[in-house]
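So the protein sequences, as listed, match chains A and U.
Take any residue in the first sequence, note its place counting from 1, add 75, and you have its number in the numbering used here.
Take any residue in the second sequence, note its place counting from 1, add 30, and you have its number in the numbering used here.
No lab work stands behind these hints, which were simulated from the structure alone.
Note that the structure is a prediction, hence the values are computed from the model and not measured.
Ideal placement from N, C-alpha and C gives every residue a C-beta, glycine not left out.
Fair warning: there could be bad hints in the mix.
[Unchecked claim] Dumping the calculated DSS-like pairs for lysine-lysine here, alpha-carbon to alpha-carbon at most 27 Å:
no. : chain 1 : residue 1 : chain 2 : residue 2
1   : A       : Lys142    : A       : Lys168
2   : U       : Lys77     : A       : Lys310
3   : U       : Lys77     : A       : Lys201
[As the list claims (entries may be wrong)] Chain A residues, not near chain U, derived (Cβ > 12 Å throughout):
no. : residue
4   : Arg212
5   : His230
6   : Lys235
7   : Asp361
8   : Ala368
9   : Glu411
10  : Lys476
[Claimed, not checked] Covered, in the sense of this in silico footprint (three residues per stretch, anywhere, with C-beta under 8 Å from a C-beta of chain A), are these stretches of chain U:
no. : region
11  : 65–78
12  : 237–243
13  : 247–254
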Amino acid sequence: MRVMAQMAMVMNLDKCIGCHTCSVTCKQAWTNRTGTEYVWFNNVETRPGQGYPRTYEDQERWEGGWKLNKGGRLSLKAGGRLKNLLTIFSSPKMPALSDYYEPWTYDYENLTAAPLQEHTPVARPKSMATGEDTKVRWSANWDDDLGGSPELAQHDPILKKVSEKVTLEFDKTFMFYLPRICEHCLNPSCAASCPSGAIYKRAEDGIVLVDQDKCRGWRKCITGCPYKKVYFNHKTGKAEKCTFCFPRIEVGIPTVCAETCVGRLRYIGLVLYDADKVLEAASIEDEHELLNAQRSVFLDPHDPAVVAASEEAGIPHDWIEGAQRSPVWRLIHDYEVALPLHPEYRTMPMVWYIPPLSPVVDVVAETGEDAEDSGNLFAAIEALRIPIEYLAELFTAGDPKPVDAVLRRLAAMRSYMRDINLGREGNPDIPAAVGMTETEMKGMFRLLALAKYDERYVIPPAHTENAHNLEELATECSLDFDGGPGMGGDGPFGAGSGPQTPLAVENMREQTQRQTDSGVYNDDTGKPRRVNLLLWDGDGAPQGLFPSDGIEDPEVGKRR
Amino acid sequence: MNEPLTIALWVVFPYLCLLLFVGGHVWRYRYDNFGWTSRSSQLHESKLLRWASPLFHFGILVVIAGHVIGLGIPNTWTGALGISADVYHTVAVTSGWIAGTATVVGLAMLIYRRRTTGAVFYETTPMDKFMYVVLGTVIALGMWSLMATTFDWNNHYDYREGVSIWFRGLFFLDLRPELMTLAPLNMQLHALAGFAIFALWPFTRLVHVFSAPVWYIFRPYVVYRSRKDQLGSRATKRGWDRVGTRR
Ligand code: HEM
Ligand code: SF4
Ligand code: SF4
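Chain A on its own, in the form it takes in the complex (with noise of 0.2 Å):
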């Protein structure tokens, strides 16, 4: 047993309003640059759709991900390493900046500059591209809402698998989101296809990073990736990806998309998993076997065995610790709801997904029946075959028998709480139905349903023998508190005063502390900050206000 920690994600689906908030909070802090203009580390798909880019599904044209080979061991489904090598000038599968799209911007400056004429002016579509004019033809969600349906549907890869079974006819009734960022696989393809070794998983939490200083833009990960997430920027020549937000996570505060979203439907958190299992898990031939795979790969923290194996290992503490409260753990494991995306892919994605129930119960709502009856519930999933055999399609390798069951557990607490919040007793008879105990019930809805800020985000913070060398912790401005005088980051001589914060990303804790703190901010790191009045006590000078004796900080005014 070789024990690992991967910070992981969920995902209850039902939940997302598709507002795309988290899809633009995430590209303000991470590619709004030039050379990401099309890059959206998170983006958010209206299913049934293409997705973005566009078709990226269709692994017999993309051939991302892992395959058996003839000798049924995992090979890269581009190809194995030699060829890899040799089709290096050239990448066969690459996407195109049209499968993601052409981004652009408007030439706002004509609305001001041009001169008096009869029409109004317009700001007409730019490419970013090549700088010429453009005609604004697709984007990351085009087809947002099921817009231009049914032409553009059709062409989801995993409708066509489906409706190779079942005629198409269901737009009307079926929709839902489904907002991804890169899976921070436990086998991932893209760190396998990466020529020069740039790509690599961390092996304290799993993230996976592109060493920005190792990539050659060889390109061969974007074929690699079965999620298409990783992405080429087209200025610097190097691949991007999903960082997980790796500053925010090392200083325990959540990944920006779980920060900003509305629905509040993301979970972070740890999972324990046995490293050396994973290949024999990928390797699989069944692929309806791939999610139990999967499953058995994981490690129950609460397991002394898996406990004094992790302390061992090297892990701290506090980690496993974590891991024992992570509600990632509680719904892949203790509840049995999530999912990962496409485990066919044979990667081991770490976003895991609730299936949305919402298909099913807007169905019953519509013909005018109790929607929140679970014999209603049950017998309409029973009968809604194409939804079931989508999600399938998406959550387990098309086997409906999984999807099934979750969905099933969601319709029960659906039922099972509508009495309880009506003031009625809780019937015990349907949390046993779906084979789960009362307690069992009640944990989950408060899981899905209430879960407050600590409770969907249990991330233990990293260790380092030094903490306060992490930007994160040692460059706040100390007036920078909320409602104090440097709320917003502008420092006492106005914006941008002071010394310079590379990433502006605030640490709760740390803050909770100074604003709760009654002594002087005291600074252990020895990096100079500004003073803090508002928290002086009054007793003698406060600290930093004055130079110590003369003696300047040799680190003042340097730029770090």
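Given chain A, put chain U with the ligands in place with the hints provided.
Same frame as chain A, but now just chain U with the ligands:
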């Protein structure tokens, strides 16, 4: 015989270029690892690249291998292996033509593609253009030399008894500049342009050649790294092309 010009062209200039080549690469590797990339443009255009890039690359790699053999291995060695000058000549000229043609066609397609694809041209730096001019010149002069050798325009000149000895001499401090004054014009120019591109090399995208990832074959698929040597919180290095917003 060794006039100042001869020394300048065939001793000083090559050494200067080699100095820039080596020193430039060391400097660039240390200060601009972030800029060290093939700067692929495949995102913008695939159809032409699919043919052009492999043609050019496989061509130029064979051409480089040919140069290593032709310039590096004395004809006495190949002779000792029982390879007659005639056989050597035939093999060299034939493979030279095949690889050279691939290179030229590939390069022409690459340049055409670069000029005509809006997004690729937009992304082309002045250094790219300069590099293409010099690279194109080297290759054109090389083809001229190849033709001259093939069709014997050089009065039976055997570069392996002239140019090659001068070239090897540079590395063994056995300076023979006078040998180059006897070489035909096409080879003289080709050699000069060749050294010029060495001087330019570290400052262009051509640095990607030295990152050819052959050890990919041997490494484990998934790379694990500990956070300790993470790069996220490191100061910006000099020579780093800042990624800002355009305009
Ligand atoms: C063996 C090692 C080499 C490898 C792995 C390699 C790989 C690559 C790759 C991946 C590209 C980007 C193609 C694209 O997607 O746009 C490229 C471009 C290029 N390479 Fe190489 N290359 C090698 C050797 C060379 C050599 C020896 C030369 C020339 C002396 C060369 C000259 C170029 C040029 C000029 C381009 C730019 C093509 C364009 O206009 O887009 N490469 N190379
Ligand atoms: S989802 Fe993320 S970790 Fe997985 S293969 Fe793609 S880029 Fe790599
Ligand atoms: S912010 Fe939340 S609710 Fe809005 S689209 Fe993103 S995941 Fe869905």
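*Hints the structure violates: just list their numbers, smallest first.*
No hint contradicted; all consistent.
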